[in-house]
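Q: Single-letter residue listing:
Number of protein chains: 4
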Amino acid sequence: MTKLNWGMIGGGEGSQIGPAHRLGAQADGHFTFAAGALDIDADKGRAYAQSLGVAADRAYGNWQEMLDGEKGREDRIDLVTVATPNSTHYEITKAFLEAGFNVLCEKPMTMTVEEGEDIVRTAEATGRICAVNYCYSAYPMVRHMRHMVASGELGAIRCVVANFSHGHHADAGDADNPRVRWRYDPAMAGVSGQMADCGIHALNLATFITGDEVTTLSADFASTIPSRVLEDDAMVNFRLSKGTIGRLWTSTIAIGRMHGLDIQVFGEKGGVRWHSEQPGQVWYTRLNGRTEIIEKGEGGISEMAAHVSRVPIAHPEGFPLAVANIYVDLAAAIRARRDGTPLDPAADHFPKAEAGLRSMASVYATVASAKADGAWVDARPPMYR
Amino acid sequence: MTKLNWGMIGGGEGSQIGPAHRLGAQADGHFTFAAGALDIDADKGRAYAQSLGVAADRAYGNWQEMLDGEKGREDRIDLVTVATPNSTHYEITKAFLEAGFNVLCEKPMTMTVEEGEDIVRTAEATGRICAVNYCYSAYPMVRHMRHMVASGELGAIRCVVANFSHGHHADAGDADNPRVRWRYDPAMAGVSGQMADCGIHALNLATFITGDEVTTLSADFASTIPSRVLEDDAMVNFRLSKGTIGRLWTSTIAIGRMHGLDIQVFGEKGGVRWHSEQPGQVWYTRLNGRTEIIEKGEGGISEMAAHVSRVPIAHPEGFPLAVANIYVDLAAAIRARRDGTPLDPAADHFPKAEAGLRSMASVYATVASAKADGAWVDARPPMYR
Amino acid sequence: MTKLNWGMIGGGEGSQIGPAHRLGAQADGHFTFAAGALDIDADKGRAYAQSLGVAADRAYGNWQEMLDGEKGREDRIDLVTVATPNSTHYEITKAFLEAGFNVLCEKPMTMTVEEGEDIVRTAEATGRICAVNYCYSAYPMVRHMRHMVASGELGAIRCVVANFSHGHHADAGDADNPRVRWRYDPAMAGVSGQMADCGIHALNLATFITGDEVTTLSADFASTIPSRVLEDDAMVNFRLSKGTIGRLWTSTIAIGRMHGLDIQVFGEKGGVRWHSEQPGQVWYTRLNGRTEIIEKGEGGISEMAAHVSRVPIAHPEGFPLAVANIYVDLAAAIRARRDGTPLDPAADHFPKAEAGLRSMASVYATVASAKADGAWVDARPPMYR
Amino acid sequence: MTKLNWGMIGGGEGSQIGPAHRLGAQADGHFTFAAGALDIDADKGRAYAQSLGVAADRAYGNWQEMLDGEKGREDRIDLVTVATPNSTHYEITKAFLEAGFNVLCEKPMTMTVEEGEDIVRTAEATGRICAVNYCYSAYPMVRHMRHMVASGELGAIRCVVANFSHGHHADAGDADNPRVRWRYDPAMAGVSGQMADCGIHALNLATFITGDEVTTLSADFASTIPSRVLEDDAMVNFRLSKGTIGRLWTSTIAIGRMHGLDIQVFGEKGGVRWHSEQPGQVWYTRLNGRTEIIEKGEGGISEMAAHVSRVPIAHPEGFPLAVANIYVDLAAAIRARRDGTPLDPAADHFPKAEAGLRSMASVYATVASAKADGAWVDARPPMYR
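Chains as they are written, first to last, in the working numbering: chain Z, 1 to 385; chain Y, 1 to 385; chain P, 1 to 385; chain F, 1 to 385.
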């Protein structure tokens, strides 16, 4: 099993996302870090890439250079990760797909629904993989919940309750803090604040676990700190295509919630809940039964979960390896395509361009609903209506 | 400190609420169980009351008899608890107030907003105490959270998130179970199912802790089991008068939530959360600080909490003694009125008729909003607009 | 079901234990508080008893007066609670037993093993009930664990691990605090500090739940604060008669443990654990299975637990009602003896004089072992060897 | 910062420890996997190494070949990891140290105390790094507790309580299961079962966090399943050199404890506790204060913890990255020695040969004490007495 070649755009020195992707790509030995255009400052980017072991001729000054350089190589990269500022994702992702590369794009995949539809169509047309980094969906026990729903263990799903609320932007004194301010300024963040930043992860989990899609929704937005234009607290009621009721709360002013991403799924035959701060367990209660704790690594855990687990029961794996799980799946998918072999079904649960598109459509729908006093609106991308 | 005389209407043999009130009234030695009309069957009620130590001449066959009997006595009861079926609360409560008795009424205080306004006016006119059994508000640490808000420790309150969701009516096979069915049948339960039964407790906590009132709200109701007419899952967005954002989720199909009453309050300077299954702790996080666990009974706990605590730190007190705390307060209030002494401010936090009225107005508002696709509606009783 | 008459010795104004016993005796309506000698100051005791509703002629100045007064009455008390200073328990308990009264004695029942044997023999000779207030054993879920062992659900018990460690005496600056100092001074506390105060509760739970008795033990004592003579931290290894291994840790300097009484029981077929700060749940794991949470009040809970539960699933009951449960059992036992009816087996699990004796023998054994560098010693009272 | 060269002995296809070390070495980009002798079957080992990207001439058939091959290379490996069966650790580690290589040895470092002393002396004589994989000590929050003790935040340490108890070998039916049986058979496991396997990790944590060493101890061993010769449950009382009291419980029959490694440290000024199943938090209580939750990644966390953290607050990192943290430290230490630069003090907390030796001395001491009915014995290696 030879290693695949991997490249990254963005994620330069000092960025938080860069090390996460490098660890994710290299932790399990599937990818060699072969090429990079890591920084907006071309010289710094080239130097930094080389310091990380990238050969000088593949340490590029910008993404266009990298596209040109890699396109012609026989040992061209098998996958490129796009970890640049949000507003550039669309252009870069599209260019690499069209040149025949597989892409893993940071979220949000695009800034608009239209761009999202274009990426989905481009990926289809080129036959390349376009993945989006909804990494929470790659936790083993999130995968296991998806398995439980798919296998019918929970029965038809009646209700899903998802939260992603923290208190890290609760300080009104942060109004001039540039690391915080931009998130609530439409000029920099776009149409939505916390919903686009965090809420969307929780909503993606709701659809990932249920294997279903959001059809309509109603939203209530609030900006609880006067200096903010975009929402810092939002409640969304939604419906999935099979009739499931959904509730989503997301906030940045929930002081005391450190990383409050949790989800509860209630079916006819049982309920489950999971919290990202203790990701190795699912609390499961059968109808009229006791609550049981399902442990990552227990005997009989689903193949979907086992596929992305490394260490025995009750040894936590953590967030960086959830990112790595996306790369585990991508390596399998790339090899299967390359070799013309069937893809292990357990590896086919990484988030794809469609998820990136549906997320963006949901964000726009919440914005529209909130502006219309909570009126129910269609949350589907036009191309899927 | 001589004991006060107490009487009860309803709560006969086999009822759940009867023992709770008797324990509540007698646990701390404030009340003697002196009179009762405990059962719809007059003979059974008289016999049961006597078996519990009530004198034969004060073991009544029905509430009218009891009203007549007690009215003329010099040692007449100081407080009557109304624990009859919901639809009779209004009539009985009103009659006893008008005859000069203090009343503790089970929730809901009335079936309509109009009746609620009438009770509030009657209590005012007669100068009698009319309390409603929102017993969760009497937990020491709920009182302490109210203290924290009132004292400004949390700053202005931005957001309150309250849940009361359980899974005890999640079995579709219960459609013919009489103990469950009536709750979702308008003919028996009135305008609302789970919102009126449980949601209202959570909403009452939100207003009790913040010391504020609901002004407007928007609701999304669902009946997830086909046989049900009334809602078994509801989400309510609301606003308090000082601008606080509110979110309330209540459900009966949330399998795995055993008694999921919890509340989170987020202010400018800190956040707190409390869960009814572990009522002796409040998790408190100061802005930019660590989470701290406030323990019932810790040094320096507020007088508001200490007033209703009996045992040292980390010894749980539990639900029956929360009910007893209502009686602790009522005993103090009755004695203060009787003796013309000032009421200890720490004892003046029991839920009053106004809370019963505001709750009913909120329930009706959720029903109206849910019918209007979540339109925002005024949740205030007309007399307070 | 007429009420029984109850009296108390000790527990005067300002004591902590007095209100706990009064609440315990009266909460469920089984006992009328009929007589008392509540204070070392006769006048204060008489006045206080009357303020609590005791008739003037049964508000006694001291225990001898009370013994004389009650002995001759036709409506003599059915049960007396002894809540005086530890060194007087033996004399008072013995005197009341010999006069034909049932007794509930606070722990420790006696100061020596010899006295303990005398009480056991006196109770046997007189045919009176002598109970000891090991109230933690009366929590519903502790009873349920006893049921699980007795029914064979856990198989033969291999190991039991009990802790009762808190940090409330961790302040070296308390050396002159009279509320703390006496506990570590042999002149006042006797042979043992924390082992006699708290450790003994945990050891009692170990024997109560397993239905077995301590045979031998080895102890390691430490006085971690220089001003202390008696131990403030102790580890005890022990063996039960059926071969179970035991470990017990008890400490008063474990800062951060608020009320750290917990117990784990491991059998051939499963393990359980329980923590006094959340007493309504038992965590249960079957061999090779998942952890399940058993809830007080769940469907199918043992009769042993249901017998001492009052409110539905997930409504906590708390410590004061654990004390009340002792009185629930005693009321049933007293009535059965009085009426010559069989005692409901579910009510026969209150701690008896034998438990008080065995506890004292264990404490003396730990002291002897600790002095002998941890040598294994016989922990059985001589009369049971 | 060029990558260092890394080699591994053992950890072949199908082993659990192999992937953990490869992930640990490569996750953060410090090491290139350059050489390996991965399997007892030379051909399989060579093939597997090459499949993982090792060049053919550095995919060796056994460790002697690897020693010879690497010794002469200019680009020789900077670090070798020894992950072979326990009984071979000593010989291989010694040979590589003597040839001038840095070594990371799996635990136990040796089978006897004498061998341990030899390794310590060899490392000193050669000036090479010899580390031992006590990976739990590399969790960020374990490091932070070490910082808290070292900085005096907790005051003098009075007591440390460490547990490592699980229930994964509780099935008596496993007597013939080869994966379990060998652990309790002296012919295969040596002098100790669970104490040597798991207890030693907890004891190492106790010394790591306190910065102190075990001097004397007393042990109680039990074999609760008849087929076992070596202990499956052990309790150890110990003393550290500065007078701290220690308690250690370790078991394999504690059904329901999934990975029960936890530690509590109690000082004059505060107490902390940590549990390996939720490794990102430390619960901290100041004397007479509330419990606070210290979060990995919080503002102001110690440099000792920050040095081995990768992702923000409340994003769990997990066990595989604790192993990686050992490699992070080793990379820093190797570079500092190579470059003659001072080692970042935050990187100098990896477990060294001395820890491996002291652990082995402690295990032998527990065995001796248990055989002598718990007599207190000296736990120090002779060379440190």
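If you are wondering where the hints come from, they were derived from the structure by calculation, not from laboratory data. Certain hints may be false.
Copies of one chain are not kept apart here, so a pair can be met inside one copy or by any two copies together.
[Unchecked claim] No farther apart than 30 Å at their CA atoms in a straight line, the calculated lysine-lysine pairs in the BS3-like style are these:
id, residue 1, residue 2
1, K44, K3
2, K371, K44
3, K3, K94
4, K71, K269
5, K3, K242
6, K269, K3
7, K352, K94
8, K71, K352
9, K371, K269
10, K269, K44
11, K269, K94
12, K371, K242
13, K3, K371
14, K71, K3
15, K242, K71
16, K94, K242
17, K371, K71
18, K242, K44
19, K94, K71
20, K44, K94
Q: Now look at each hint and say whether the structure bears it out.
A: Here's how the hints hold up against the structure:
Within a single copy, K44 and K3 get their C-alpha atoms as close as 27 Å, and across copies as close as 19 Å, so both meet the 30 Å cut-off. Taking the closest pair of Cα atoms, K371 and K44 never come within 30 Å of each other, the shortest separation being 44 Å inside a single copy and 60 Å across copies. Taking the closest pair of Cα atoms, K3 and K94 come within 30 Å of each other only inside a single copy of the chain (25 Å); across copies the shortest separation is 33 Å, beyond that limit. Taking identical chains as interchangeable, the C-alpha atoms of K71 and K269 are never at most 30 Å apart, the minima being 52 Å within one chain and 54 Å between chains.
Taking identical chains as interchangeable, the C-alpha atoms of K3 and K242 are never at most 30 Å apart, the minima being 42 Å within one chain and 52 Å between chains. In this assembly of identical chains, the alpha carbons of K269 and K3 never lie at most 30 Å apart, being 44 Å within a copy and 47 Å across copies at closest. Taking the shortest alpha-carbon separations for K352 and K94, only the intra-copy value of 14 Å comes in at or below 30 Å, while the best inter-copy value is 51 Å. Taking CA atoms no more than 30 Å apart as the test, K71 paired with K352 passes inside one copy only; the shortest distance there is 23 Å, against 48 Å between copies.
For a Cα distance limit of 30 Å, the shortest separation of K371 from K269 across copies, 29 Å, qualifies, whereas the shortest one inside one copy, 38 Å, does not. Neither within a single protomer nor between protomers do K269 and K44 lie at most 30 Å apart by alpha-carbon distance, with minima of 56 Å and 41 Å respectively. Neither within a single protomer nor between protomers do K269 and K94 lie at most 30 Å apart by alpha-carbon distance, with minima of 43 Å and 45 Å respectively. With identical chains, the CA atoms of K371 and K242 are at most 30 Å apart both within one copy (27 Å) and between copies (22 Å).
Taking CA atoms no more than 30 Å apart as the test, K3 paired with K371 passes in neither setting, with 50 Å inside one copy and 53 Å between copies. In this assembly of identical chains, the alpha carbons of K71 and K3 lie at most 30 Å apart whether taken from the same copy (19 Å) or from different copies (27 Å). For a Cα distance limit of 30 Å, the shortest separation of K242 from K71 qualifies neither inside one copy, at 44 Å, nor across copies, at 61 Å. When the C-alpha separation of K94 and K242 is checked against a cutoff of 30 Å, the pair qualifies neither within a copy, at 32 Å, nor between copies, at 48 Å.
For a Cα distance limit of 30 Å, the shortest separation of K371 from K71 qualifies neither inside one copy, at 45 Å, nor across copies, at 59 Å. Neither within a single protomer nor between protomers do K242 and K44 lie at most 30 Å apart by alpha-carbon distance, with minima of 51 Å and 51 Å respectively. Proximity of K94 and K71 under a CA criterion of 30 Å is satisfied intra-copy only: 14 Å inside one chain copy versus 50 Å between copies. Taking the closest pair of Cα atoms, K44 and K94 come within 30 Å of each other only inside a single copy of the chain (25 Å); across copies the shortest separation is 44 Å, beyond that limit.
The earlier numbered hints that this structure contradicts are 2, 4, 5, 6, 10, 11, 13, 15, 16, 17 and 18.
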